[in-house]
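With chain A held as given, fit chain B onto it using these hints.
These protein sequence lines map, in sequence, to chains A and B. Start counting the first sequence at 1; every next residue gets the next number (the working numbering). Start counting the second sequence at 127; every next residue gets the next number (the working numbering).
Misleading hints may appear alongside valid ones.
[Unchecked claim] Which bits of chain A does chain B cover? Going by a derived footprint, with three or more residues having C-beta under 8 angstroms, they are:
1. 64 to 75
2. 97 to 103
3. 109 to 118
[Said to hold, decoys possible] 25 angstroms max Cα-Cα, derived PhoX-like pairs, lysine-lysine:
4. A:Lys40 x A:Lys16
5. A:Lys120 x B:Lys282
6. B:Lys293 x B:Lys241
7. A:Lys16 x A:Lys27
8. A:Lys40 x B:Lys258
9. A:Lys27 x A:Lys79
10. B:Lys258 x A:Lys120
11. B:Lys158 x A:Lys79
12. A:Lys116 x B:Lys254
13. B:Lys158 x B:Lys217
14. A:Lys116 x B:Lys258
15. B:Lys241 x B:Lys282
16. B:Lys258 x A:Lys27
17. B:Lys217 x B:Lys282
18. A:Lys79 x A:Lys16
19. A:Lys56 x A:Lys27
20. B:Lys254 x A:Lys120
21. B:Lys254 x B:Lys241
22. A:Lys88 x A:Lys20
23. B:Lys158 x A:Lys27
24. A:Lys79 x A:Lys40
25. A:Lys56 x A:Lys16
26. B:Lys282 x A:Lys27
27. A:Lys120 x A:Lys56
28. B:Lys258 x A:Lys79
29. A:Lys120 x A:Lys79
30. A:Lys20 x A:Lys120
31. B:Lys148 x B:Lys217
32. A:Lys79 x A:Lys56
Just so you know, these hints were derived from the structure itself, not from any lab. The beta-carbon is built from N, C-alpha and C at its ideal position, and this holds for glycine as well.
Below, each chain spelled out in residue letters.
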Amino acid sequence: MEPIIIEGTPKTPSIKFDEKEGIFEIKGRSIPENSVEFYKPLNEWLDNYMQGPLDKTVVNIRLEYFNTSSSKCILDVFKRLEAIHRSKHDVEINWFYEEDDEDMLEAGEDYDSIIKVPFKMIEIVE
Amino acid sequence: MSFDLENLVSDLDIRGAILYFKGNVDSEVINKALDSVEGKLLSSRENPRLRKKVYNVLVESLQNLYHHADDVPRDYHASRPDRFGLIIMEKTGRGYRITTCNFVTALRIRELEEKLTRINNSTQEEIKELYKDILNHQEITEKGLGGLGLIDMARKTGHRLDYRFKKYDNLHSAFRISAVITSE
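Excised from the complex, chain A in its bound form (with noise of 0.2 angstroms):
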């Protein structure tokens, strides 16, 4: 299927979802007022994918700053990859997050306690 690649804004973040590439990333800033609007088209493209994944699909999340709107949406991403794992297909998910940055650490945390995909959680030492 043809990959999903949004640009980077100031508000939103990059996505790239190539399963040709093997590439699934989210990277940026998510902070934009009208987050559903925005995060629809990865939703709509997952929903896609998950009819024929890839036997592993790693996913990279990136974000320096995310708003608590994004939160749900980034949520609603996260619950289609727990989906493609029950369907016995391997997923990770990568949550990067900046030395020092708690908040950052926590959020991680709170995704990986609530979604039932194993999670790793990198720190990015500068």
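Just chain B, lined up with the frame of chain A:
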């Protein structure tokens, strides 16, 4: 009526503020406010951890005004009735204070007070669990997640949220809320 939202912040140092805005809070205003504050925090070489917390709380404060400010009363002077609010960010001895003011309809006061009382009477661990519970179980609305912004502010700051209401008329009140962000 001579009441102005500024009356609610007469005890604050508007002139010395890092950020001050009163008016309709649209996307453009939010962008400019975030850019301006981020630039100032970077040029003052603020501790990165504190800088990120301040930025996060500022985003939620501005977007609370954007999503949840009720229309101003009909006889209140505003260029547009919607998304009208005031925001002020000050440097304090140990960190920063972000205060917003907006109008709320009388019907919403009880709901807001209940929410804020619950937040302010909770431990940090309880706030964390409350956040996760709402995140996982509440359906998202067109306006985003009602109330998660306030919980997030309390969680990130680790401090009580200071708030007050001032009655404008029988249908409207002005609402002020402050979040204090310190390095500890």
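Item to check | 25 angstroms Cα cutoff - pair Lys116 of chain A, Lys254 of chain B | outcome: holds (19 angstroms)
Checklist entry - Given the proposed pairing of Lys120 of chain A with Lys282 of chain B, does the C-alpha separation stay at or below 25 angstroms? => result Status holds; Cα separation ~23 angstroms.
Checklist entry - Given as covered by chain B, does the stretch 64 to 75 of chain A meet the bar of three residues or more with CB within less than 8 angstroms? => result holds (count 8)
Checklist entry - Under the criterion that the straight-line Cα-Cα distance not exceed 25 angstroms, is the pair Lys241 of chain B, Lys282 of chain B satisfied? => result holds (17 angstroms)
Next on the checklist: With the threshold set at 25 angstroms, check whether the alpha-carbon distance from Lys217 of chain B to Lys282 of chain B stays at or below it.
Outcome noted: Within the cut-off at roughly 17 angstroms; holds.
Item to check | Hinted pair Lys56 of chain A and Lys27 of chain A, Cα distance within 25 angstroms | outcome: holds (20 angstroms)
Next on the checklist: Check whether the Cα positions of Lys27 of chain A and Lys79 of chain A lie no farther apart than 25 angstroms.
Outcome noted: OK: Lys27 of chain A and Lys79 of chain A at ~19 angstroms, within 25 angstroms.
Item to check | Lys254 of chain B paired with Lys241 of chain B [C-alpha distance capped at 25 angstroms] | outcome: This hinted pair holds, its Cα atoms lying about 15 angstroms apart.
Item to check | 25 angstroms Cα cutoff - pair Lys254 of chain B, Lys120 of chain A | outcome: Holds, at about 20 angstroms.
Checklist entry - Keeping to a limit of 25 angstroms between CA atoms, is the pair of Lys20 of chain A and Lys120 of chain A held or broken? => result holds (23 angstroms)
Item to check | Given hint Lys79 of chain A paired with Lys158 of chain B - CA-CA distance at most 25 angstroms | outcome: violated (34 angstroms)
Checklist entry - Given as covered by chain B, does the stretch 109 to 118 of chain A meet the bar of three residues or more with CB within less than 8 angstroms? => result Answer holds; 3 residues pass the 8 angstroms Cβ test.
Hint 11 from the earlier list is the only one contradicted by this structure; the remaining hints agree with it.
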